[in-house]
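Asks: For reference, the chains in residue letters:
Protein chains: 2
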Amino acid sequence: MKSIEVCLSPDLIGQYDLRGKSTVIVDILRATSCFTSGIANGVSEIVPVADVEDCRLMRDKGYLLAGERGGELIDGFDMGNSPFDYLQSSMKGKRVAATTTNGTKAIHLSAESDEILIGSFLNLSAVAEYLKDRDRVMVFCAGWKGKVNLEDSLFAGALIRELQGVHQPIDDSGLICRSSYVTVREQLYDVISKSEHARRLSGYNMARDIEFCSRLNEFNIVPQVRNGSITPS
Amino acid sequence: MKSIEVCLSPDLIGQYDLRGKSTVIVDILRATSCFTSGIANGVSEIVPVADVEDCRLMRDKGYLLAGERGGELIDGFDMGNSPFDYLQSSMKGKRVAATTTNGTKAIHLSAESDEILIGSFLNLSAVAEYLKDRDRVMVFCAGWKGKVNLEDSLFAGALIRELQGVHQPIDDSGLICRSSYVTVREQLYDVISKSEHARRLSGYNMARDIEFCSRLNEFNIVPQVRNGSITPS
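In order, the protein sequence lines correspond to chains A and B.
Counted from 1, the first sequence has number 58 at position 57 by my numbering; the numbering is strictly sequential.
Counted from 1, the second sequence has number 221 at position 220 by my numbering; the numbering is strictly sequential.
Heads up, a few of these hints could be off.
You can't tell identical chains apart in this list, so a pair holds if it fits in one copy or across any two.
Unchecked claim - No farther apart than 30 Å at their CA atoms in a straight line, the calculated lysine-lysine pairs in the DSBU-like style are these: (1) Lys93 with Lys62; (2) Lys195 with Lys106; (3) Lys3 with Lys148; (4) Lys195 with Lys133.
Bear in mind the hints are in silico, worked out from the structure with no lab data behind them.
Let the hints inform the model, and build the full structure from the sequences given.
Replies: Structure, rendered in structure tokens:
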């Protein structure tokens, strides 16, 4: 049987050996939901960058700058961290440099993996389908400042359910995520709305983003990370 | 509303401020199940010790020595790590020094808490009842070598359910544990039998231990940790 395991936080990744594995990076609110939306919408490349000032330097290389701090657009940036920003028709063919602390950290910490994929509820089935012939899968939840978070772990549980009969969860984190997802899967939006992250970033636009990020299978694509850059697979 | 939160691994405890909190140490297989059983059976004091050789030094101070390595009794020790060892009638009034790596680490890392309690399924309701007038509760899962484990997180979910309406889970780990527990609560023994820990330590006696450690409310006591020593509350 093929295997699937779950790392619930970047602070725990040292416990895992990523060599030979296909790693799925998950940061549901909102980095990997944005990246999935952007690539599905025809964005040609997205470069995740941890630091705002490093991101700013990407403008001279022809990148649009994406980012928010405290829910506000960053001065001099072109767009925010909403998936709707990535879904504008004007984005087709564009290259984007996006600030995201947790997502960037998870991507850097996955370097030893055989391949790195971008996962979100928006492309859940596409990711599962892609992984069916891969022997060893790692779901890497980006969390928030090292803390375990609800929405990323629910995605892990959802992916384990999708791969049932093909991949066996081999660590307890996977079992926890699977049973947690089973309880709340009919009410994903409601439950994610009560997560720590959602409570931190409340407000009208955020509610719209959370509703969108909780949707299943809007897009049939699997973005890949190669050399720190996200492109279509 | 009073609060409850869950730390899923000693490797994550640095994210939490334990001051002013009542911390419940959980190491279902089998340290805190043993300690609960022993104190319920009249053992007067249990000292958890990480290292086998440090434990051995406790004999001269009048302690019985408890411990296993690889499922075998340790040479020169009086008893193993089974709750049934702690339930022998000959244990009444005795003092025990017990080797437990994960449990001892969690206890040491909880030193800043207002108080430290020992939790297991065996005394779930007693712990919940005790905590009802405490404002801030931390459930500290001992895990296994830093890894998140299933049985400790299920206890956290069970305790959150018991305290429903009194304590609100304020972190996502608590929400994950609660929904995970809801799915599997009717089949605790079966589910815990499939955990990583149970698979590591299989065999006849271990199955009996797991069955016992999965039972709810066998004992109406709340052991406390004071100065590194576990005694009745």
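Asks: Should Lys93 paired with Lys62 be assigned to within, between, both, or neither, using CA atoms and 30 Å as the limit?
Replies: within (18 Å within a copy, 75 Å between copies)
Asks: Within, between, both or neither: how does the pair Lys195, Lys106 come out at a Cα-Cα threshold of 30 Å?
Replies: Intra 25 Å, inter 32 Å, cutoff 30 Å: intra-copy only.
Asks: Within a copy, between copies, both or neither: where do Lys3 and Lys148 come within 30 Å Cα-Cα?
Replies: Answer is both: 28 Å inside a copy and 21 Å across each meet the 30 Å cutoff.
Asks: At most 30 Å between alpha carbons: which applies to Lys195 and Lys133, within, between, both or neither?
Replies: between (32 Å within a copy, 24 Å between copies)
The structure agrees with every numbered hint stated previously.
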